[in-house]
Amino acid sequence: MTEMTFPRFWTLRASSTEFGALALAAALLAIAARLPAAAELAAACFAGNAFWNLARADKPRTRLQCGLSLPLLQILSPGTMLVACWLALASVVIALRENGWLARTASLMTLVLPSVLLAGCRAYLDWLGYPWPLQGLFL
Amino acid sequence: MDGCPMEDVLRHGSSQDVLRAPEPIGQSLVAAGLLTEERFAEAIEIQRSTGSPLGHIAVAQGWLRPFDFYRHLAAHYGLRFVNLVEDPPDGDLFEQGKYGEYATLLYLPWKRDADGLVLAVTDPDEELLQKLRQQYGKNVSFVLTSRLDVLWTVQRLASRQLALDSVFRRAMRDPDHSAMHVLTRPQKVAIALMFLAAAACLCLDAAATLAAGNAALGLFLSCCLALRILLVWAGSGTLYQSRTTKEELDALDPKTLPVYSILVPLYRDAAVVPTLARALRSLDYPKSKLDIKLILEGDDPETIEACKRAGLEGCVELIVVPPSQPRTKPKALNYALSFARGQLLTIYDAEDVPDPDQLKRAVLAFRKAPWDVVCLQARLNYFNWRENWLTRMFTLEYSLWFDWYLPGLEALGIPIPLGGTSNHFRAEVVRAVGGWDPFNVTEDADLGIRFTMSRWRVGVLDSTTYEEANGHVWNWIRQRSRWVKGYIQTWLVYMRHPVIAFKRLGWKGFLGLHAFIGGAFLGPLAFPPLALMFLVWLFTRTKMLDSLFSPATLAISLALLLAGNGLLIYFHMLAAWMRRRPKLVFCSLQLPAYYFLMSIAAWRALWQLVTKPHYWEKTEHGLTSVSAYDRDDFSPVLDAPGQ
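Sequence order for the protein chains is A and B.
Quick note: the first sequence uses this note's numbering, first residue 12, plus one each step.
Quick note: the second sequence uses this note's numbering, first residue 109, plus one each step.
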């Protein structure tokens, strides 16, 4: 008995989750290829897709995507850093939807921890006197 | 046997006449005063929905004593009833290779009389009788006995053979993939050569050797971290892809449900038997299609007594394993496997509280899954997570492991090391691969990888079993030592023939095995020296350690320290959040302290691997003060469809 298989065709239709994965891949590729504008656009798409989905339904991938999108925006350029700030504010709004301060704070932490972590890493390396390795990402 | 009108028919008559009874058994049971009218009506209702024989339903529900039922059944069909304890069978008639068949088809050769062989059966089912006639010849005759009589007799006469089988079957069949020997000769030689080479390099240039070792460790741990990031990403995408929906469950026809065997190994678990009994009674599955085996150890009278006192229904049977070495759970499971009658099979631990609909979900998931999916691992979590710091940490770890990592492994096609409980199997495949390795103390992880090596697939089931988290530090260290020791055993077993493993698992599976299983023991082993180096450097700023860290190694080490630990904490936070346990989100920040405990357990495991490789450290259960049925503690995955 063998499993029946069907040929897979490439289609332009992608689910919202797949879109997030594609945007992340595009952003990472653009960073590797030193294409700042493309990286910023892809990262913004990744973050926008994440927060749009999270506003609609709290799902594991969506929350993870939100959490990862903030540090990605932080490291790219001052422009995307600004977007990250706005999205951090959006995180607060999303967290406020929860019942009780414990849940609200916990929700906020699951959204902004990677961002806080990135800032902490940078501060720690500064304190040690090491250069920040992501300093000149597109230089 | 004289005076039994059906006896001649059974011996020589047409098959159709055999089952023709004067009146339906249910009415006859009522007329004999063995079943009340109300129970009879209930049994008829259940029979309509499940299609099970009425007598089996009444026995399985506990409405009728099995002994009374079988005696009545014999009279009903005009057969002689024999009590095998008072009138034991002739042991010489037993065939060694057929013990499993006796136990699963529930018959055995009883005596040989002048006319031929007499078989004791528990069900005058025509299909079975025909099969037995074909096997033993037309001159065979039948008497009726009870199911428990058959099981106890098989255990009494065949316990030695079954015990030997349960210990050595796997090792005899495939010695290269058995943990009976921790290391094979080539492995010993390879390890000796590695040590010699390391010693030679240290003599030649100690600093460079240590720096190279440090770099290699950093690279390996980076790969482990990268795999975990991938797993979380992939797992988060499939976490909500419910294999079974509520609508599908409701539409399930009970008539089509298969017989489901549940194996519950118990050892010094008398305290948790009441919880177990309640959990088993709560299962939403027709009792007449349940085949529950409580697997007990012969030298554990307290648990045997507790099981007898629990007043368990007729669908529960006690299997007593004779005391022998190695005293491990997989040996007990192998022993009981010979008695399992179900097409599907699962394992629960003594303290488990599975979701009531878990068996139905597993049936549905198996039907929907491709034919090569032979095992489904349900999610495990803890009901007593609030109890103390350790239970909170343990719960965090399990939430990430079972809710995120395992679905990720499935999505990426990497072998899944099964958890010790709530694995649902196609029973025939478990038999085909030789059962569990009794010498491996994480037999579950080994079996999951063996399935993948045999080109079968393992999946994850969207249902949770709640267990008792270990809240006592020493008990926890003992349990974790066993797990880590088992992971090392498993890794060593599959690295005996790395080329074969590579071919069978594929590159993803092979690398995943190293990074996931290897990381599970190498990470905790490496944590104390790495943490110590970091702390010494942080507080003294010594230059002594500079030679160990080239610029690249330093970058990797710093990334692991900061981003690696940070990300792992973050992933645990997400896992806690998706279990709707916000308090645990904050507890994630304390994970480094938990890693330290894990390291103690890992080093203890390494020591035990050398000194007592097959020693099974029994985890004490029933120590919690939290009730397993405190429903507030049951927090399903947020918004998961069908949950």
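Bear in mind the hints are in silico, worked out from the structure with no lab data behind them.
Just so it is clear, the structure is predicted and the values come from calculations on it, not from any experiment.
Be aware that one or more of the hints could be misleading.
Stated by the list, open to error - Derived DMTMM-like pairs (lysine to aspartate or glutamate); straight-line CA-CA distance at most 20 Å:
1. Lys611(B) to Asp284(B)
2. Lys206(B) to Asp176(B)
3. Lys476(B) to Asp361(B)
4. Lys691(B) to Asp69(A)
5. Lys246(B) to Glu203(B)
6. Lys691(B) to Asp137(A)
Status of the hints after comparison with the structure:
no.	hint	in the structure
1	Lys611(B) to Asp284(B)	holds, 16 Å
2	Lys206(B) to Asp176(B)	violated, 28 Å
3	Lys476(B) to Asp361(B)	holds, 15 Å
4	Lys691(B) to Asp69(A)	holds, 18 Å
5	Lys246(B) to Glu203(B)	holds, 19 Å
6	Lys691(B) to Asp137(A)	violated, 33 Å
In summary, the numbered hints that this structure violates are 2, 6.
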